[in-house]
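Spelled out from the first residue to the last, the chains are:
There are 2 protein chains.
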Amino acid sequence: MTEKIIIALDVMGGDHGVDVVLPAAARTLARRSDIGLLLVGDQAIIERSLKELGLDGHAGIEIQHASQRVEMDELASHALRFKKDSSMRVAINMVKEGRAQACVSAGNTGALMATARYVLKTLPGIDRPAICTSLPSMKGHTWMLDLGANIDSTAEQLFQFALMGSVLASALDHVEAPRVGLLNVGEEEMKGNETVKEAAGLLSSGALNYIGFVEGTDVYCGDVDVVVCDGFVGNISLKTSEGVAKMIAHFIKKEFTRNIFTRIAALFALPVLKAFRRQIDPRRYNGASLLGLRGSVIKSHGGADVLAFANAIDVAAEVVEQNVPERIKSRLQVILSERQAG
Amino acid sequence: MTEKIIIALDVMGGDHGVDVVLPAAARTLARRSDIGLLLVGDQAIIERSLKELGLDGHAGIEIQHASQRVEMDELASHALRFKKDSSMRVAINMVKEGRAQACVSAGNTGALMATARYVLKTLPGIDRPAICTSLPSMKGHTWMLDLGANIDSTAEQLFQFALMGSVLASALDHVEAPRVGLLNVGEEEMKGNETVKEAAGLLSSGALNYIGFVEGTDVYCGDVDVVVCDGFVGNISLKTSEGVAKMIAHFIKKEFTRNIFTRIAALFALPVLKAFRRQIDPRRYNGASLLGLRGSVIKSHGGADVLAFANAIDVAAEVVEQNVPERIKSRLQVILSERQAG
Numbered sequence: 001m002t003e004k005i006i007i008a009l010d011v012m013g014g015d016h017g018v019d020v021v022l023p024a025a026a027r028t029l030a031r032r033s034d035i036g037l038l039l040v041g042d043q044a045i046i047e048r049s050l051k052e053l054g055l056d057g058h059a060g061i062e063i064q065h066a067s068q069r070v071e072m073d074e075l076a077s078h079a080l081r082f083k084k085d086s087s088m089r090v091a092i093n094m095v096k097e098g099r100a101q102a103c104v105s106a107g108n109t110g111a112l113m114a115t116a117r118y119v120l121k122t123l124p125g126i127d128r129p130a131i132c133t134s135l136p137s138m139k140g141h142t143w144m145l146d147l148g149a150n151i152d153s154t155a156e157q158l159f160q161f162a163l164m165g166s167v168l169a170s171a172l173d174h175v176e177a178p179r180v181g182l183l184n185v186g187e188e189e190m191k192g193n194e195t196v197k198e199a200a201g202l203l204s205s206g207a208l209n210y211i212g213f214v215e216g217t218d219v220y221c222g223d224v225d226v227v228v229c230d231g232f233v234g235n236i237s238l239k240t241s242e243g244v245a246k247m248i249a250h251f252i253k254k255e256f257t258r259n260i261f262t263r264i265a266a267l268f269a270l271p272v273l274k275a276f277r278r279q280i281d282p283r284r285y286n287g288a289s290l291l292g293l294r295g296s297v298i299k300s301h302g303g304a305d306v307l308a309f310a311n312a313i314d315v316a317a318e319v320v321e322q323n324v325p326e327r328i329k330s331r332l333q334v335i336l337s338e339r340q341a342g
Numbered sequence: 001m002t003e004k005i006i007i008a009l010d011v012m013g014g015d016h017g018v019d020v021v022l023p024a025a026a027r028t029l030a031r032r033s034d035i036g037l038l039l040v041g042d043q044a045i046i047e048r049s050l051k052e053l054g055l056d057g058h059a060g061i062e063i064q065h066a067s068q069r070v071e072m073d074e075l076a077s078h079a080l081r082f083k084k085d086s087s088m089r090v091a092i093n094m095v096k097e098g099r100a101q102a103c104v105s106a107g108n109t110g111a112l113m114a115t116a117r118y119v120l121k122t123l124p125g126i127d128r129p130a131i132c133t134s135l136p137s138m139k140g141h142t143w144m145l146d147l148g149a150n151i152d153s154t155a156e157q158l159f160q161f162a163l164m165g166s167v168l169a170s171a172l173d174h175v176e177a178p179r180v181g182l183l184n185v186g187e188e189e190m191k192g193n194e195t196v197k198e199a200a201g202l203l204s205s206g207a208l209n210y211i212g213f214v215e216g217t218d219v220y221c222g223d224v225d226v227v228v229c230d231g232f233v234g235n236i237s238l239k240t241s242e243g244v245a246k247m248i249a250h251f252i253k254k255e256f257t258r259n260i261f262t263r264i265a266a267l268f269a270l271p272v273l274k275a276f277r278r279q280i281d282p283r284r285y286n287g288a289s290l291l292g293l294r295g296s297v298i299k300s301h302g303g304a305d306v307l308a309f310a311n312a313i314d315v316a317a318e319v320v321e322q323n324v325p326e327r328i329k330s331r332l333q334v335i336l337s338e339r340q341a342g
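Chains C and S are the protein sequences, given in the same order. Note that the working numbering has the first sequence beginning at 1, numbered continuously upward. Note that the working numbering has the second sequence beginning at 1, numbered continuously upward.
If we strip away everything but chain C, and leave its shape as in the complex, we get:
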């Protein structure tokens, strides 16, 4: 029998805490016998909720008490200093101590990134971790990073992001050499800011399957596997995309409820529109990887529901199965030694 993958869950994190994390845990355990869950948070609250869910005494569950909670708007520095027994921090400690192979948190991104970096440390050769997620595209999905961990990035850091994203895409999509593009304002060589131009130079060295500059439209077209940018641009792109999708959903709904005729049309159209929505359902894409750490940490959307949080747990399991941090580390060693030799 193969051993279970143990994943620590920050039970108190996110907008909904225990009300989402535990039902998501139940969902995971019902579907997968290869995953064990280490629930981190207030023991009394967790035990009560487990009882309500009929999960008390479940063989796939362990509880690790943590007395504090990081608030969603808490400064990262404050959480680091004063929340040493938070469910977030203890969940990350579980990874550090080897009691879990990954952890998942829907808590505040800044605090999660700072704590993960402080507790786990970055891999040798990585300056800063990056947040990477997959997004739906016309032909499947596209990986994008960084999505907000780093506001200003140097060319060397963009190169590191490209390498980490490439390793993640390769591991999870089982692709040999994912196509890596650098997000820019135009495809012509002349365009873009200095950092992006310099990063393009580093990426042209041949270590990765670098396909050149890509534009905002390309994120969703499916002709690039990994889109690299700094966290400021990445976060704004991602949120702008969310905004457009919400507006489109708003207008579609409005049109179909305009009058009796459009309401009848809606009866026919809704099943089809629902099938379409399933394809780009953001919940199916929930679970961003914090890459570049000596351990696996997955960030769930703060407002994630049960299905979305369960998806983030699946992402964590996949990252563990595919041994992503180890792969990044060894890929980095090869590239760094080639550089020194060159």
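If you are wondering where the hints come from, they were derived from the structure by calculation, not from laboratory data. Keep in mind it's a predicted model, so treat the numbers as computed, not measured. Be a bit skeptical, because a hint or two may be false.
What the hints assert, rightly or not - Straight-line distance between alpha carbons at most 25 Å, and here's what the computed DSS-like set of lysine-lysine pairs gives:
1) 254(S) to 254(C)
2) 253(C) to 274(C)
3) 254(C) to 139(S)
4) 253(S) to 139(C)
5) 253(C) to 274(S)
6) 139(S) to 274(S)
7) 253(C) to 139(S)
Mind docking chain S on chain C? Use the hints.
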């Protein structure tokens, strides 16, 4: 009788040149008697096309010959040096010389910006012009700038963009004090890069109706009138939005053509979906203003069709009617003198 607004059109610019610009001109003249058009480009080609369109000898049309054309992928510096008789350059000259009150070009953005800046010069107090357009929102539309004219912007430049966008929104929407937001990765004061933080300080002085940081999602929600960012972020946001909208259209189409049942559903749904598409039709939003110049220059999307280009001509007419450059100039004088006094 009021005098006509004269608008110079770069007939040879854009992906389709004369084939789109002249039918758009015809469309404008058929709808509006208050606009006169100065067609700039190859005289023989223009005359032939006008004849085909039955417009030869139209009282609302004048032709200004220009022997060259700026290519869509031509470097701005090359166009500036070697295309002094291009339709783009001559159209801008018409504004400079007062023969037209505005010009519209679907040509290469970089060349248009560089040429307009060189020929017309910036207004006193403006470092660099910015590109501003309106985008659909859930409650109407949102103005956004800069969209690609400036890759790196200082805090002072972001402040200038905010001022120019505010004046444009105020003039065209007839709103006293448009709500101005600064695009950032989060609404909390602590987030964002140094430039954005510094710009927030300048904007808090009270000269504008500054509402604070806004996120990518807010561009389309309708609770902010003017969204300010640097050109790199703005261009990527805009193109990412286009990408999402295209992907959604692609999936909707795919679902409705999946089988016989979905095709029947489509018969009912299509009229409703078309009504919805009209609301966010990018052609209705075509026509971006180059703000901060001593004259009005409107940039049309390079791939614009007749309806879209005609819309850009309408934007030009509105900018002239509302005297936008003069308004920006006087608003700037007030703010600059207040600063000196303070």
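Tested hints:
1. 254(S) to 254(C): holds (22 Å)
2. 253(C) to 274(C): holds (12 Å)
3. 254(C) to 139(S): holds (12 Å)
4. 253(S) to 139(C): It holds: about 14 Å lies between the C-alpha atoms, which stays within 25 Å.
5. 253(C) to 274(S): Satisfied, since the Cα-Cα distance of roughly 13 Å is no more than 25 Å.
6. 139(S) to 274(S): Cα-Cα ~19 Å, so holds.
7. 253(C) to 139(S): holds (14 Å)
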